[in-house]
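Peer 1: Place chain B on chain A using the hints.
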Amino acid sequence: MSAFLGALRYEFCMQLRRRSVWVSIGFALVLLFALFSRSGPPERVLPPADTALRLVGNASFFLPVAFGILLADRWRRERSLGTLELLDSLPASLGARLWGKYFGATIATMIPLLLAFALFMLYSGVRIGDATLVRFLPLIFVVVIAPGLLFVAAFSIACTEWLPVPLYAVLFTGYWFWGNLVPPERMPTLNCTLLTPIGEYPAAAFFQHTDVGCFNGQSIPIALGLASIALLLATGALALFALQAYITRRAAAR
Amino acid sequence: MEIQITGLTKQFGDVPALRGVDLTIPSGMFGLLGPNGAGKTTLMRILAGILHASAGAVRVGTHDLSTDAGRQAVKWILGYLPQELGVYPDLTGTEFLEYIAILKGMRDGARRRARVAQLIETVGLEDAARRQLRTYSGGMKRRIGIAQALLNDPRLLIVDEPTAGLDPEERIRFRNMLVALAGDRTVLLCTHIVEDVAQTSHRVALLLGGRVVFDGTTTGLAQAADGRVWSLDSSGPAPSGDLTVVSAIAIERGMRYRVVSEVPPAGASAVAPTLEDGYVAVMQKRRAA
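Those protein sequence lines, which keep their order, are chains A and B. What the first sequence shows, in the numbering used here, is residues 1 to 254, in sequence order. What the second sequence shows, in the numbering used here, is residues 255 to 543, in sequence order.
Keep in mind the hints are simulated off the structure, nothing from the lab. Quantities reported herein were computed from a predicted structural model and do not represent experimental measurements. Heads up, some of the hints might be wrong.
From the structure, some residues in chain B lie toward chain A, with a derived Cβ separation under 10 angstroms [unchecked claim]:
1. Arg299
2. Ala302
3. Gly359
4. Met360
Even glycine gets a Cβ: it sits at the ideal position worked out from N, Cα and C.
Okay, chain A solo, but in the shape it has when bound (with noise of 0.2 angstroms):
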């Protein structure tokens, strides 16, 4: 346990201290600014959570796009890096050292994440009025962004192990915007589904926000925003598991 926690401790440090992770975000958030500072109000009175929803929505366009890219060389630097011969011959396991790696740089990339979404939700409350919705956040993040975000870290760590980062960046990319923003009706895709890492269930699971995107306004239960949930954290574990199996042996064979 204590090299979990070692790793994890030394991971957010190192990520936190990351000049890329701080510029990257901030590239993101300019990005949304500038795309939605033009955007009226909107066209109807909305309860004001799904008025944050809507703003988290907008938001997710970009920055967890960055988030997911930031955390892809994390993995694969221990061999550029040329740590992983002495790790190798530490007593502490690989599974200490991947997990800690996992949620340190996480939980760091989160926090300029996080950071972002709350100033873009400041400046669009003001901007339509209601400069309070950024209290919704932190509610939002947990139920409706971060289980989304632990099962894209999951990964960007765990595939650049077979991919180098710059192709994984661009792939990355392309799934999502495919996976999460085109409509079903127009090409088979992930959005609308329980794996769809927007977050689309558990908003209109425990926030009832139905009348965008994928539902009509069909009310969703909660236990299919808990399932989503579910879903997407078990199948970012599985991808981890999967890496460090191979890892395994790997070694074993070496």
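Peer 2: Frame of chain A, contents of chain B only:
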């Protein structure tokens, strides 16, 4: 703690890296010499539990390295400095050592911090300890590497080219530190700097092409060049033929060459062999064989 290596073979695909190595490494300092590609690093990695042997047996004390349990047990008592040590540029020297200490299973925070502070002082990095590693020079990174290897007060210390990148004073300091440490533990010093072995180790093995071509004392290795080391002053061209020029120094009227050769070059006089001469003589004999 004695290391027993029997018939150790390691293949990378079709390429043999170690070919039936038999070696006993007793407690104390032990030097492992050999040219690049001799198999030294492969042997180190097997001893550190990073690589698996293709055939043969390795026992470290009572631990059998062919089993997962044996490898894991050795990792708890091991200090390892790889040849190419990577560090995290975003951590400070202190943080890096703290992190490695945690991964080495040092759970008591107060003792861990005290040990890190002590080792930072030992390697002379007090002034740089709070700086990020990205600002460290190559020598400073090497010293951090040495400190991390010593964190858990290892019973078995394996250091691969530890003095590469260190200035002469640092090298001497580090060599003395290794000798002091070696009292009650096994220290395996793997290098191609013969001087480091000459100044620290009583026992030495020489690897060439994945085989042990010499195993004995440093005196014994030097004696391998008995009657084969010559000094030659010349103002003409450098001596050539079936010989190795160990050194060439400019003197008042030409050059003074130190030569290892079975046959004395014309005009040369015999000199007492050093460990380096012994190393060269063994290599010459093996290549000729």
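Peer 1: Against the structure shown, which of the earlier numbered hints fail to hold, in ascending order?
Peer 2: none
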